[in-house]
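Enquirer: So in this note's numbering, spot 111 of the sequence shown is number 153, and the numbers just go up one at a time.
Treat each hint with caution, since some may be false.
Unchecked claim - What follows is a set of in silico ranges between Cβ atoms, one per label pair, in the way DEER data are often shown: (1) V103 x L152: 14 to 24 Å; (2) V103 x Q147: 13 to 23 Å; (3) F117 x T180: 28 to 38 Å; (4) K163 x F117: 36 to 46 Å; (5) K167 x D44: 17 to 27 Å; (6) P51 x E79: 15 to 25 Å; (7) T98 x P118: 40 to 50 Å; (8) E106 x K179: 16 to 26 Å; (9) T98 x P51: 18 to 28 Å.
Honestly, the hints are just simulated from the structure, not real lab data. This structure is a prediction, so every number in the text was calculated from the model and none was measured. Heads up, the beta-carbon is just placed ideally off N, CA and C, and yes, glycines get one too.
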Amino acid sequence: MDKFLEQYPINTQIVVAWGEMDALQHVNNVVYFRYFETARIDFFNQINLLDELQTTAVGPVISENQARYKRPVTFPDTLTVGVSINDIKDDRFMMHYSVYSQSQQAVTTLGSSLVVMFNFKTGKKAKLTPTLIDALKTYQQA
43 MDKFLEQYPI
53 NTQIVVAWGE
63 MDALQHVNNV
73 VYFRYFETAR
83 IDFFNQINLL
93 DELQTTAVGP
103 VISENQARYK
113 RPVTFPDTLT
123 VGVSINDIKD
133 DRFMMHYSVY
143 SQSQQAVTTL
153 GSSLVVMFNF
163 KTGKKAKLTP
173 TLIDALKTYQ
183 QA
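Please model the complete structure; the sequences and the hints are all you need to start from.
Expert: Written as structure tokens, this is what we have:
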């Protein structure tokens with residue numbers, strides 16, 4: 043776990059709820075996208091990305107989501123979702139998620155989201171600010 047936390051300095055703890063399991067007795071596949079969203083918003087808050095949305099009407103939207111399920115997760119468990127960044131472009135970047143199960147002591151799920159900056163006033167894509175690029179580069183992995 044220590045190595046995982048070193049690799050993902052911004053991470054989010056999520057307690058698995060009983061109601062997130064499906065008829066096959068493991069966490070339903072769609073729930074992971076909620077886990078990713080929780081980790082994504084936590085990451086955005088920690089780098090102050092959502093503050094800009096209030097003042098400029100420019101903020102992140104998700105263009106694509108992807109998940110790869112490696113191991114089933116069951117209740118009870120606590121997950122740690124680590125976030126990393128790569129492929130930073132003028133108006134977008136890729137977020138990667140790694141879900142670590144405390145009960146299994148292993149990574150159970152990998153995922154990614156393509157995040158595009160969007161101007162909600164004009165309805166068009168927007169460029170990443172230099173401040174945002176610097177913050178993203180802090181958590182960039184190859």
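Enquirer: Is 36 to 46 Å respected by the C-beta to C-beta distance linking K163 and F117?
Expert: For K163 and F117 the Cβ distance comes to about 43 Å; the hint holds.
Enquirer: The hint says 28 to 38 Å between F117 and T180; measuring C-beta to C-beta, is that right?
Expert: holds, 34 Å
Enquirer: In this structure, is the beta-carbon distance linking P51 and E79 contained in 15 to 25 Å?
Expert: Because 20 Å falls inside the window, the suggested range holds.
Enquirer: Does the Cβ pair E106, K179 satisfy 16 to 26 Å?
Expert: At roughly 21 Å between Cβ atoms, K179 and E106 fall inside 16 to 26 Å, so the hint holds.
Enquirer: Can you let me know if the beta-carbon spacing of T98 and P118 is within 40 to 50 Å?
Expert: Given a distance of about 42 Å, which is inside 40 to 50 Å, the answer is holds.
Enquirer: Just to be sure I understand the hint, the distance between the Cβ atoms of V103 and L152 should be within 14 to 24 Å; is that true here?
Expert: Given range 14 to 24 Å: holds, Cβ gap about 22 Å.
Enquirer: Does the Cβ distance between T98 and P51 fall inside 18 to 28 Å?
Expert: Roughly 27 Å apart at Cβ, these two residues keep to the hinted range, so it holds.
Enquirer: Can the suggested window of 17 to 27 Å be confirmed for the beta-carbon pair K167 and D44?
Expert: At 39 Å between Cβs, range violated.
Enquirer: Can the suggested window of 13 to 23 Å be confirmed for the beta-carbon pair V103 and Q147?
Expert: Once the Cβ atoms are compared, 35 Å apart, the range 13 to 23 Å for Q147 and V103 is violated.
When held up to the earlier numbered hints, the structure conflicts with 2, 5 and fits the remainder.
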